[in-house]
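Chain A is already provided as a structure; the job is to place chain B on it using the hints.
Below, each chain spelled out in residue letters.
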Amino acid sequence: MLVRIYPASLRAAAQQNVERPDCDAGAAKRLYTPTTAEANLEERPVVVGKAAPPAHGKAEGVAAEKQAKNAERVPPQVAAGEIGGIRNLIQQAVGRYRDKDGTIEVDGYKLEKLVGRGGMGVCIGQGE
Amino acid sequence: MYRARRVTDDFPVAVKVMVPKVGASDKSRHRFLKEIDVIRELNHPNITTLIESGVTGKAFYFVFDYCNGGSLADLVFRRGGKLSSKAFYPIMLQCLAGLEHAHQRGFVHRDLKPGNILLHQQGTGWLAKVADFGLAKQFEQAGFSG
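Each protein sequence line maps, in turn, to chains A and B. 1 is the number of the first residue of the first sequence in the numbering used here; add one for each residue after it. 1 is the number of the first residue of the second sequence in the numbering used here; add one for each residue after it.
The shape of chain A in the complex, shown without the other chains:
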């Protein structure tokens, strides 16, 4: 299982807010200030899994179906301003939490700090 949470959609969300008078544009701006690293990150395609190879046997067919499902899965993208809350939530629920060199480990799952200032992305994953 791998879920990447990138700040890729945040700029769009912020812009959407600015354009919508009924929303708090200030909050949207506070929510996301892109950094160069984030801008680069946004250019990266967010894909989980790879396209399924042609299947020949039954086992391959099942594996291919699984891979195709993974490839279709769109990872959640959450606001940078919420990353702290998400971390706290994990810490409070699971109770094991380690933060070293920008990588947080929770019981075998890693939360990678992808970007430091302004906005952050995290990666909750196991294996891959």
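Calculated directly from the structure, the hints in this document are not laboratory data. Just so you know, even glycine gets a beta-carbon here, dropped at the ideal spot from N, CA and C. Incorrect hints may appear among the rest.
Listed next, the stretches of chain B that the computed footprint assigns to chain A, with coverage defined by at least 3 CB atoms under 8 Å from CB atoms of chain A [unchecked claim]:
{"no.": "1", "region": "74 to 84"}
{"no.": "2", "region": "89 to 99"}
{"no.": "3", "region": "102 to 112"}
Quick look at chain B alone, frame taken from chain A:
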């Protein structure tokens, strides 16, 4: 917060009653109600649905869908203070899906905690819903208590 049933169809709901603090200005109340209207637009299976809101006497009330499994905080407590990652991650991933939906619409929760994650028994697993989306800070800013 009350557990209730809708009179017309016996549908189970949760009703939250908020009482304005003394000194809450008309402006802050107006802004608060406007925010409620926007929050009502958040429609996602992993976010508690605001079914209805209104005023009764001096109190505001909010009707949400009822979650029969209590909160994530309750579950953590029942499991002795922590969950295994196997139990927690399906819940977390659902929360992230709900958060993504809201964030794409420009809302941040700002008060994520196990008490604000509600659970509904669904087969052998849990349907997780992020509750009080945006409400906590709005309540505070508008001078409400509940």
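The region 89 to 99 of chain B covered by chain A? Criterion: 3 or more residues, Cβ-Cβ distance below 8 Å. Satisfied; 8 residues make the cut.
Outcome, coverage of the region 102 to 112 of chain B by chain A - at least 3 residues whose beta-carbon is closer than 8 Å to one in that chain: holds (count 9)
Three or more residues of the region 74 to 84 of chain B near chain A by CB distance under 8 Å? Per the Cβ count (5), the hint holds.
Violated hints: none; the structure is consistent with every hint.
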